[in-house]
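For my numbering, count along the first sequence from 1 and bump the result up by 1.
Careful, some of the hints might be misleading.
Straight-line Cα separation of at most 25 Å, DSS-like style, residue types lysine-lysine; simulated pairs [stated by the list, open to error]: (1) K295 x K268; (2) K158 x K97; (3) K97 x K266; (4) K156 x K97; (5) K156 x K262; (6) K156 x K266; (7) K266 x K308; (8) K266 x K158; (9) K308 x K169; (10) K295 x K169; (11) K328 x K156; (12) K328 x K308; (13) K180 x K169; (14) K328 x K180; (15) K158 x K262; (16) K97 x K180; (17) K266 x K295; (18) K180 x K295; (19) K295 x K156; (20) K268 x K328; (21) K268 x K158; (22) K97 x K169; (23) K158 x K169; (24) K158 x K308; (25) K308 x K268; (26) K308 x K97.
Read the hints as simulated data drawn from the structure, not as lab findings.
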Amino acid sequence: MYLLKRVGCVGSIVVPQCTSLFVGNFSACHCLSSPKRHSPYNSVDSERYSSLVKAVMSSKISSQTPETLQVEDEHIYGPVVNAQTPASEPEVRVPKTLHPFSHCEETVETEETESGPPARILLNRGQGRSSVPSVTRILQQTLSPEQIFYLERWKRKMIAQLGEEGFKVYSQNLFRQGKLFHSAVEDILISDATSIGEKSSEKAVFQPEVLGYMESISHVLADVSAVRATESTVQHAELNYLGIVDCVARYRGVLCLIDWKTSEKPKPFLSNTFDNPIQVAAYAGALNSDGNYKYQVENGLIVVAYKDGSPAHAHQLSSELMLQYWKMWLIRLENFPEQRSSDASSSFVQKR
DNA sequence: GGATCCTTCTTCTTCTTC
Numbered sequence: 002m003y004l005l006k007r008v009g010c011v012g013s014i015v016v017p018q019c020t021s022l023f024v025g026n027f028s029a030c031h032c033l034s035s036p037k038r039h040s041p042y043n044s045v046d047s048e049r050y051s052s053l054v055k056a057v058m059s060s061k062i063s064s065q066t067p068e069t070l071q072v073e074d075e076h077i078y079g080p081v082v083n084a085q086t087p088a089s090e091p092e093v094r095v096p097k098t099l100h101p102f103s104h105c106e107e108t109v110e111t112e113e114t115e116s117g118p119p120a121r122i123l124l125n126r127g128q129g130r131s132s133v134p135s136v137t138r139i140l141q142q143t144l145s146p147e148q149i150f151y152l153e154r155w156k157r158k159m160i161a162q163l164g165e166e167g168f169k170v171y172s173q174n175l176f177r178q179g180k181l182f183h184s185a186v187e188d189i190l191i192s193d194a195t196s197i198g199e200k201s202s203e204k205a206v207f208q209p210e211v212l213g214y215m216e217s218i219s220h221v222l223a224d225v226s227a228v229r230a231t232e233s234t235v236q237h238a239e240l241n242y243l244g245i246v247d248c249v250a251r252y253r254g255v256l257c258l259i260d261w262k263t264s265e266k267p268k269p270f271l272s273n274t275f276d277n278p279i280q281v282a283a284y285a286g287a288l289n290s291d292g293n294y295k296y297q298v299e300n301g302l303i304v305v306a307y308k309d310g311s312p313a314h315a316h317q318l319s320s321e322l323m324l325q326y327w328k329m330w331l332i333r334l335e336n337f338p339e340q341r342s343s344d345a346s347s348s349f350v351q352k353r
């Protein structure tokens with residue numbers, strides 16, 4: 002079953018190309034088909050699917066720009082060597098300033114910081130932080146046009162199904178479940194860091210709405226130890242942003258910045274988690290430069306929990322992956338509109 | 001007490017044939 006799904010994924014790469022060819026050469030395709038054989042396309046309600054055709058024509062075909070082809074070519078064949086025309090080189094998306102992800106010289110390990118209760122630094126907006134944007138805000142305001150398109154399309158579809166008010170209730174419910182889940186996880190993590198796995202199986206302490214989610218992550222919690230922080234504020238000392246990390250703990254012995262997520266749809270691959278890895282890298286980078294934390298965290302973990310109790314997907318982010326997502330975060334940070342006008346950005350977004 | 005903030009989620013394709 003799993004393999005079949007994977008084959009389906011491979012097919013998805015081929016199908017859009019076939020579709021675009023088909024759309025562009027409808028009559029030719031039709032003529033080539035056997036006249037005795039009834040084509041299923043004859044019965045297609047072309048008016049109904051006009052928006053789909055439009056979407057295919059506008060997004061799928063136009064996405065094959067020279068820039069994306071170049072990226073693909075570089076991925077397959079390696080970077081271009083001996084380029085003769087630097088003036089016409091396509092713009093490559095790299096951060097203008099490569100700020101370090103971790104500060105090795107400040108690393109202090111480890112026994113001392115692992116003892117004692119987890120840190121929980123509360124967000125205090127009153128102390129000169131009101132102008133500091135958050136990770137969530139920056140990510141939301143720097144979504145790609147494609148992301149905005151799919152999100153808006155999804156929202157339109159949901160409103161068509163549920164109505165404006167129904168959609169509002171549905172969204173509020175999603176947020177509420179996410180919040181309840183987070184606080185339940187936090188309760189376990191701070192109640193007794195030495196028996197997290199056992200605590201997670203004590204179903205009576207959970208609200209009914211989060212029972213499934215907690216069952217879903219029980220196998221992950223069994224591998225979590227040495228909790229150092231929960232729901233704690235981090236602020237980057239130089240890059241002018243802040244956020245609240247879900248958890249810093251050891252997962253299978255490796256110190257990780259952990260992000261707990263709830264999801265209605267299965268997310269078996271890291272690529273299903275959209276901007277979550279960038280969010281984790283952003284938090285880790287902030288923590289590593291934040292003087293309140295006397296250690297460095299270079300690995301990440303995204304745990305996607307399911308309401309029906311099916312096993313959560315735990316996506317580990319190695320330090321190498323974290324570095325890649327950190328670079329993507331730096332680009333998002335550069336593109337954040339408010340960043341340009343802030344004082345801190347003047348040194349950050351500088352020309353080389 | 002009210003206002004504001006951070007976070008909580010949401011996207012990525014869907015159907016036919018043997």
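Quick one, are K266 and K295 close enough, alpha carbons at most 25 Å?
-> violated (37 Å)
Take a quick look at whether K328 and K156 sit within 25 Å of each other, Cα to Cα.
-> violated (30 Å)
Are the Cα atoms of K180 and K169 separated by 25 Å or less?
-> holds (17 Å)
Hey, K295 versus K156, does the alpha-carbon distance stay inside 25 Å?
-> violated (43 Å)
K268 and K328: Cα distance at most 25 Å?
-> holds (24 Å)
Going straight from one Cα to the other, do K308 and K169 come out at no more than 25 Å?
-> holds (20 Å)
K156 and K97: Cα distance at most 25 Å?
-> Between K156 and K97 the Cα gap is close to 35 Å, so the pair fails against 25 Å, i.e. violated.
Hint consistency between K308 and K97 [alpha-carbon to alpha-carbon, up to 25 Å] | Violated, at about 42 Å.
Agreement of K295 and K268 with the hint, judged by alpha carbon distance not exceeding 25 Å | With Cα atoms ~33 Å apart, K295 and K268 exceed 25 Å; violated.
Is it true that the CA of K268 sits at most 25 Å from the CA of K158?
-> Satisfied, since the Cα-Cα distance of roughly 21 Å is no more than 25 Å.
Are the Cα atoms of K156 and K266 separated by 25 Å or less?
-> Measuring from Cα to Cα gives roughly 16 Å; hence the hint holds.
Holds or violated: K97 to K169, with C-alpha atoms at most 25 Å apart | Violated, because 40 Å separates the two Cα atoms, which is more than 25 Å.
When held up to the earlier numbered hints, the structure conflicts with 1, 2, 3, 4, 10, 11, 12, 14, 16, 17, 18, 19, 22 and 26 and fits the remainder.
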